[in-house]
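K.L.:
Single-letter residue listing:
Protein chains: 2
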Amino acid sequence: MATLVVPDHPSPVQDAESLRKACQGWGTDEKAIIQILGHRNAVQRNQIRKAYEELYQENLIKRLESELSGDFEKAVYRWLLDPAERDAVLAHVAVKDSMLDYQTIIEIACVRSSEELLAVKRAYHLRYKHSLDEDVASHTTGDFRKLLVALVSTFRYDGDEINVSLAESEAKLLHEVIKGKAFSHEEIIRILSTRSKSQLNATFNCYRDAHGTSITKSLLDDPADEFLAALRMAIRCITFPQKYFEKVLRNAVNKGRTDEDALTRVIVTRAEKDLNDIKELYHKRNNASLEHAINKHTSGDYKAFLLALLGDKEL
Amino acid sequence: MATLVVPDHPSPVQDAESLRKACQGWGTDEKAIIQILGHRNAVQRNQIRKAYEELYQENLIKRLESELSGDFEKAVYRWLLDPAERDAVLAHVAVKDSMLDYQTIIEIACVRSSEELLAVKRAYHLRYKHSLDEDVASHTTGDFRKLLVALVSTFRYDGDEINVSLAESEAKLLHEVIKGKAFSHEEIIRILSTRSKSQLNATFNCYRDAHGTSITKSLLDDPADEFLAALRMAIRCITFPQKYFEKVLRNAVNKGRTDEDALTRVIVTRAEKDLNDIKELYHKRNNASLEHAINKHTSGDYKAFLLALLGDKEL
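Chains W and A, in that order, give the protein sequences. In case it helps, the working numbering puts the first sequence at residues 2 to 316. In case it helps, the working numbering puts the second sequence at residues 2 to 316.
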């Protein structure tokens, strides 16, 4: 379930006019911006962008970029983009990062459905005149390249059909390879990157049934090994994305310095999808609400905007 | 240019009725079938299939399969399918082949545009409840797997933009790797499978300019090496598909036993695309027309059907 709360039938023209007003004159009226944009869904935001462009011959996103700043600006910018466009931007930033932010790439590749991932790749073509596959491939090497390129390139079958004997034989194969500590073995990458999510769930269940431990636990051999961390991340994104996102949020607020990029990414990309489920998991796991954590670890307009996306009822 | 010749505004209902008549009673009227289906484009064939289904509550393809036989049946069956559906069938047959027919897979992956290849993958999902990537991956091993999965999975950028300095640096990189005989080097596979076709053309031109020989010639180290043959094939499919198809046709008729599968595949998949250009290249290269070769090496209804697709004017 989503957390986003939107009013019935808001007028895109009125919204565009209010946003224009909020940007004009001395200072910017951030509150008005949050009140509008923090309570509009993707279709409505798109209509507002179009209405604004028509009314003022000006790009709303560019205008807001020049008016806002810091984490608040970043969050509003990401929020205003279409989901596929936003993922293309997130992936591009992740690829260009000098350290290569593999977490974001795995998240986009493994959480999105096949059709959603395809839309991201189309948006990436349009925006960067390159393919996502090619940028990931040319910014990585070795085992990481093999894994990431395979995860990004695949066009998985999205159906529910499961082949039980295949699940059993591939669970066995995975166990043998992992037992032999051949973590970058091409069979792990092949299975993880090409099988459908339903099939992979069946395979991981067989793994647990046969060996009494989950495959992610088996891949905990060396906690400092980043490739193993990437494998576990991909598996968690495929099998239980809400739980994965709960952990990202937990790490974003609980590790001394708040990780605003991760916080923004999860809240902005999930607010219209399953952020309510993630919030519930967060509450259960941390004995405190996500809102409480955000209140504690962020501030100002940025905080107000995140809380709006989290379902703050003030319309 | 295409070779297919179609009449103005044929009636799908009339066509369906004529096909029904051709299938009824004692014996089948193959001539009538060729006269109709050999002169209808993809849209028209689709309309005929629909009209036939509505009129007779019977699947036209299944009916024709039961009426026809041998190479003629195979050719009509492939011809009746939508292009993407047909490629999905061709790829599936190629994957399931005990020897794995890598030529067909490379052809589909490298000749089709990104959007066409995507349509093939969608058709494959729908038909086989599996992804093409996963079937290719699970039926191959080693270097062949790396190459084929990468070529099948990619979603290349389709634009014309070229980065000249990238072309130069990757031409140099390719030359170094090839000089060191590291043919299955991951950089060859990365470049070949992820860069746009325009970019690859630029890279291969740089290669030729800098080293006085084409990259395909450099990959001729051991003529018996199948992996090298696959690399050359992929490069030829990307850079000059018509020339590649001319060679496939030449081999199909000039090697003692006629290769009807290859003949059918090229003629059926190219008749509505560029078969005229392929025919011209064939004529130039072999001092004889493609029609002449087909007349010589095939017979009966199969021959008549291929000649119809090749532009036989008899409507």
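Everything labelled a hint here was simulated from the structure, so no lab data went into it. Since the structure is predicted, the reported quantities are computational estimates derived from the model, not experimental observations. Heads up, a few of these hints could be off.
Label-pair distances were calculated between CB atoms; the ranges are [as the list claims (entries may be wrong)]:
1) W:Asp30 - A:Val44: 52 to 60 Å
2) W:Glu55 - A:Thr214: 40 to 48 Å
3) W:Leu167 - A:Arg64: 50 to 58 Å
4) A:Lys97 - W:Val94: 35 to 43 Å
5) A:Asn296 - W:Leu167: 19 to 27 Å
6) A:Lys51 - W:Ser166: 18 to 26 Å
7) W:Arg146 - A:Glu227: 21 to 29 Å
8) W:Glu162 - A:Leu174: 54 to 62 Å
Keeping only pairs whose Cα atoms sit at most 30 Å apart, straight-line, the calculated DSS-like set for lysine-lysine is [stated by the list, open to error]:
9) A:Lys285 - A:Lys248
10) A:Lys97 - W:Lys173
11) A:Lys248 - W:Lys130
12) W:Lys198 - A:Lys51
Where is the CB? At the ideal position from N, CA and C, for every residue including glycine.
K.L.:
For every hint, state whether the structure bears it out.
P.N.:
Against the structure, the hints come out as follows:
1. In this structure the supplied range 52 to 60 Å holds for W:Asp30 paired with A:Val44, their Cβ-Cβ distance being about 55 Å.
2. The beta-carbon spacing between W:Glu55 and A:Thr214, approximately 57 Å, falls outside the hinted interval of 40 to 48 Å.
3. In this structure the hint that W:Leu167 and A:Arg64 lie 50 to 58 Å apart at CB is violated, the actual value being about 34 Å.
4. A beta carbon spacing of about 42 Å between A:Lys97 and W:Val94 agrees with the range 35 to 43 Å that was offered as a hint.
5. As the Cβ distance of A:Asn296 to W:Leu167 is approximately 48 Å, the hint placing it in 19 to 27 Å is violated.
6. For A:Lys51 paired with W:Ser166, a C-beta distance near 38 Å fails the hint of 18 to 26 Å.
7. Checked against the hint of 21 to 29 Å, the C-beta distance between W:Arg146 and A:Glu227 comes to roughly 25 Å, which is consistent with it.
8. Distance hint check: the CB atoms of W:Glu162 and A:Leu174 are about 42 Å apart, inconsistent with the given range 54 to 62 Å.
9. Between A:Lys285 and A:Lys248, the direct Cα distance comes to roughly 12 Å. Compliance with the 30 Å bound is thereby established for this hinted pair.
10. Of the supplied pair hints, the one linking A:Lys97 and W:Lys173 holds, its CA atoms being roughly 23 Å apart against a limit of 30 Å.
11. In summary, the hint linking A:Lys248 to W:Lys130 is not supported, as the alpha carbons are separated by about 33 Å, beyond the 30 Å threshold.
12. For a cut-off of 30 Å, the pair hint linking W:Lys198 to A:Lys51 is broken: about 34 Å separates their Cα positions.
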